[in-house]
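Respectively, the protein sequence lines represent chains A and B.
Residue numbering for the first sequence follows the numbering used here, beginning at 1 and increasing consecutively.
Residue numbering for the second sequence follows the numbering used here, beginning at 1001 and increasing consecutively.
Simulated from the structure, these hints should not be mistaken for laboratory data.
A quick note: this is a predicted structure, and the numbers were derived from the prediction, not measured.
Heads up, some of the hints might be wrong.
To be verified - Straight line, CA to CA, 20 Å or less: simulated SDA-like cross-link-like pairs of lysine to any residue:
no.	chain 1	residue 1	chain 2	residue 2
1	B	K1360	A	R59
2	A	K209	B	T1115
3	A	K2	B	H1338
4	B	K1430	A	A322
5	B	K1360	B	D1381
6	B	K1430	B	D1376
7	A	K175	A	W135
8	A	K137	A	E323
9	A	K2	B	V1348
10	B	K1430	A	E319
11	A	K2	B	H1347
12	A	K2	B	R1336
13	A	K209	B	A1104
14	A	K2	B	V1345
15	A	K47	B	A1467
16	A	K209	B	V1114
17	A	K47	B	P1466
18	A	K47	B	T1388
19	A	K2	B	T1340
20	A	K175	A	E164
21	B	K1360	A	Q51
22	A	K291	A	A148
23	B	K1430	A	I318
24	A	K47	A	G176
25	A	K209	B	H1199
26	A	K209	B	A1107
27	A	K209	B	E1108
28	A	K401	A	T385
29	A	K47	B	D1381
30	A	K2	B	V1341
Said to hold, decoys possible - Okay, the calculated bits of chain B under chain A, using three or more residues with CB under 8 Å as the criterion:
no.	stretch
31	1341-1351
32	1398-1407
33	1440-1452
34	1458-1464
Said to hold, decoys possible - Rough simulated footprint, nothing fancy, chain B against chain A, three-plus residues with beta-carbon under 8 Å:
no.	stretch
35	44-52
36	295-308
37	314-323
All C-beta atoms, glycine included, are put in the ideal place defined by N, C-alpha and C.
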Amino acid sequence: MKHERAQVLVVGSGAGGATTAHELAHAGLDVLVLEEGARHDLSDYGKRSTQAMAAMYRRSGMTPIVGRVPMGYVEGCCVGGSTEINSGFWHRTPPEVLLRWEAQFDLAQASPEDLAPHMAWAEEQLGVTTRGRPWPKSTEVFARGIEAMGWVAQEVPRTAPGCESSNTCATGCAKGHKQGVSRRVLPEAEAAGARVVEGCRVSLVLHRKHRASGVLVERAREDGTRELLRIDADHVFVCAGPSETPSLLRRSGIKQHVGDTLRVHPMLKVVAHFPEPIDAESSVLPLLQVKEFWPDISLGGAFFTAGHVAMTLSDNWIENRAEMRELGHLGTYYVAVKGTGRGHVRPSLFGETSTLRYDLSHDDLRHLSTGLARLATVLLAAGATCVYPSVAGMPALRSRKEAVRWLDDVLPSGALSLSTVHAFSTCPMGEREDRCAASSFGKLHGFENLYINDASMLPDSPGVNPQGSVMAFARRNAMAFRETMR
Amino acid sequence: MSRTRSQNAVIAAGLIASALFIYLALRNVDEHAWRDGWRSATPMPYLLYAAGCYLVGQVVRGARLRLLVPGTSLGLLTASSIVVVGYAANNVLPARLGELVRAAALAERTGIAVTQALTVTLVERVLDGLAILLLLIVASSMLPTQPTWMPGLERVSLAVFGTVLVGLVFAVRWPSAMLRMASRAFGRLSPRWRDPLMHVAANVAMGAAPLRDPSRVVLVAATSVLVWVLEAGMFLFALPAVGLTPHASMAALAMGVTNLGILVPSSPGYVGPFHYFCSQALISQGVPNAIALTYATLVHVTFFVPVTVWGVIAMLFFGVRLGALAALAGDARRARAHGTVGDVVAHVVGTMEARPPRAKATRFDVALVEAFVDSDDPPRDSIDEAATFFAGQMALLPWSLSTLYVIGMSFFRVVVRMRYGRSFCALSAKTRRAVVERCAFGGFEPFRQLFRPVRSTVLLAYYESPAIEPERHSSGRAHRPLPLVGNP
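Just chain A, with the same shape it has in the complex:
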């Protein structure tokens, strides 16, 4: 059936967009989802990193965050968004974070009790579960170190029921165990009537005064040229992710508190050499996270392939490259910090990209330093003979005495190779119009029918993997919207 206009148009099909589409389609609304990337099936998943980057990552993974310390950053660009290429770790939003958001941003109706049913729904949809022992070797050795140190840690629940340790989380789980939203949430939305159209890049939100009237879409034609299409809609939900949502809004002339407050979890990786075989390449990434130093610092395990190990060792390649002979004895781990620096997102002046900038704060640097000391300590306590931090000019840490130096000293910022996979808060929501882009339920301030519903709406750093927070808030907001439609 042909519609003159979409009743609800959702831009993006990641954690926020898919949840929005699911909820609204089930409420009987006519939902059209426009996704920039392609739709993949399991046969496309589990390829090599370089191939997956080209097929499923935004700009093939070349979306660095600039700043005094540049940072690698990647996000998904395919049906399902970043949920298709993340580790699947799942956290509920910590209660103290919600309380802080209420105090600082006047975020209404966002207590743990308010969010609990939405968290439970998302966990049921994605089959969130823990794996339990026996753990893969890379997790076991980490656990050994944590026990030796007597620290608080937990196996993090994941959205991967029945995980077979195929080690393809970051390239799409070819076994279909990891539940990106393309596995169940989107198909259920489609079954309820939502239409998901791939290969449509929304370049502008059209609006007049206080109402959005639709969007301008770029779509590739068969001959490779692209056509610019206008699609009209009654309501527009922008769920294009933490970098593209603010970029799209700013390109469209909507700038009030949009894109000014990028927050990330900066992450420093290390490679650890163990005397016994770890065989990390054949197993899922380490499942434990050390929470002893939360919320400032978290320690955990990183995705492992030969290419990624080489990349982590490349800061001191001449000294470290011999380790590539010992791949089976290596594991990769990280220290992630809460991120108290400031950043912004802007549409690029040339081309169609976004420019992300984040300036590490002194606290970030201090937390990274103490985090590195603790990560190296726990790995050495676990039996590692050597820990190689991705810090240019820093020799391998071979003893706990060498490691604890960084409890007091601060790492040289110019030498750090940092990365992050968690970005958010670029259009914070809350009732405080002096610092928020959108209301407590994602409606953009000053608009009657324009909403955001993705990681960009989180008021600031949640201190944990954000997918749970994004999906719970997205469902809560979609349900609030549904109520207004009745």
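For chain A, the structure is supplied; the task is to place chain B on it using the hints.
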């Protein structure tokens, strides 16, 4: 009065004011002496120094603007360009309408409300006035001859800026009280007038809010004084251009009097008031009328040209983007229906060319990869695949980084050619390896930073290559040795 007629009235009033001041500036000038003054003037290099000083002042103004709109992530270049857009607009629009253009540009770039942006402009003008007054008082105390009109000028300026400052301090210190007073004052009006007026009052309070932080006030005050010291520097550097001895106090006097004088709304570029007030300042110190007018004209050119050029470029830059988007949005509204997207009617607005294909590896890319992958006999497929991936990824860098990469690599290639007399690609594999190791991991920081994305991308691609890991997707992925690269 219709809008066009009111605009014409503003323009006419400005032109009349200009004509009046031009007459006043010229009335006592001997034509022959003025011509001689021009003939004996040596503008270069003094006006270049003067222009440089003035442009640095604009950057400091940009830094001050950033302090006044915290939390907006306004870059220094953008902030300076916004300031300059305002000045350039004042140079081409009458009656200081550039102040409105500047507020609009600030609102557009940062997303703050226009009234808030206007409040920020007001705060800047008050600080400017007070900084000028301070320099004027200091300068006049050091002058050999005190102009007779100086005490009067100082009193009037102090009264004007002091009064506004009191209001500003009130808005900064007691915003709630100000809003309460506004609420009482506007409370009896109809909602049609009351609501917008209250909105304006709230935005004024928000515009002044950054000054609640004492350390910020100190910084803003310090940058304000620096701005006007630099502007006085422009007047100072221009003095030798007409054969006058550079005296800081005389330059500060000329700067202060001129800038207070051009607060009078007049024709574009303050033609007339600028010349009159500037020359009067010098005449008060015994400089002949003709020389004083020549000086005023030269300083006006220095004041007018660079900022107008910078401002026009910035306006084009901002305007083209805004115009393109506005045009696109306009086109979109008129587009015809054609086909559907997901069963919803789609209206074709236009077509765009195909995206460029992924970049291919050049000989240089391959040579770079070979230099990193330092095996005697690396699998050819892996090298080619890594080079292709590397070239494609570098082409996808954001344009700012991509530009830096291209400039950096060009510099690297020139250095290699100068050092070895041959291109990088023509070097032996061993030499290439040594060069890359020295640059990518050596002590020269710029090269280390340049090679940072190169090394990680190349190594990722090489070690992900199936030729390096032939058994990658087979079932038995047990621990195995990889080919050693490099000489440990």
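Checked hints:
1. B:K1360 with A:R59: Roughly 16 Å separates the two Cα atoms, so the pair holds.
2. A:K209 with B:T1115: Cα-Cα ~18 Å, so holds.
3. A:K2 with B:H1338: holds, 12 Å
4. B:K1430 with A:A322: With Cα atoms ~19 Å apart, B:K1430 and A:A322 stay inside 20 Å; holds.
5. B:K1360 with B:D1381: holds, 15 Å
6. B:K1430 with B:D1376: holds, 10 Å
7. A:K175 with A:W135: holds, 19 Å
8. A:K137 with A:E323: With a Cα-Cα distance of about 19 Å, the restraint between A:K137 and A:E323 holds, given a limit of 20 Å.
9. A:K2 with B:V1348: holds, 16 Å
10. B:K1430 with A:E319: holds, 18 Å
11. A:K2 with B:H1347: Roughly 13 Å separates the two Cα atoms, so the pair holds.
12. A:K2 with B:R1336: Judged against 20 Å, a Cα distance of about 16 Å means the pair holds.
13. A:K209 with B:A1104: holds, 17 Å
14. A:K2 with B:V1345: Holds, at about 7 Å.
15. A:K47 with B:A1467: holds, 14 Å
16. A:K209 with B:V1114: holds, 16 Å
17. A:K47 with B:P1466: holds, 11 Å
18. A:K47 with B:T1388: holds, 17 Å
19. A:K2 with B:T1340: holds, 8 Å
20. A:K175 with A:E164: holds, 8 Å
21. B:K1360 with A:Q51: holds, 16 Å
22. A:K291 with A:A148: holds, 15 Å
23. B:K1430 with A:I318: holds, 15 Å
24. A:K47 with A:G176: Holds, at about 13 Å.
25. A:K209 with B:H1199: holds, 17 Å
26. A:K209 with B:A1107: holds, 16 Å
27. A:K209 with B:E1108: holds, 15 Å
28. A:K401 with A:T385: Between A:K401 and A:T385 the Cα gap is close to 13 Å, so the pair holds against 20 Å.
29. A:K47 with B:D1381: Within the cut-off at roughly 18 Å; holds.
30. A:K2 with B:V1341: Holds. A:K2 to B:V1341 sits at ~10 Å (cutoff 20 Å).
31. 1341-1351: holds (count 11)
32. 1398-1407: holds (count 4)
33. 1440-1452: The restraint on the stretch 1440-1452 of chain B holds, since 5 of its residues have a Cβ under 8 Å from chain A and three suffice.
34. 1458-1464: holds (count 6)
35. 44-52: holds (count 3)
36. 295-308: n = 4 at 8 Å, threshold three: holds.
37. 314-323: With 6 residues closer than 8 Å to chain B, the stretch 314-323 of chain A meets the three-residue bar; holds.
Figure legend: structure checked against the earlier numbered hints; every hint is met.
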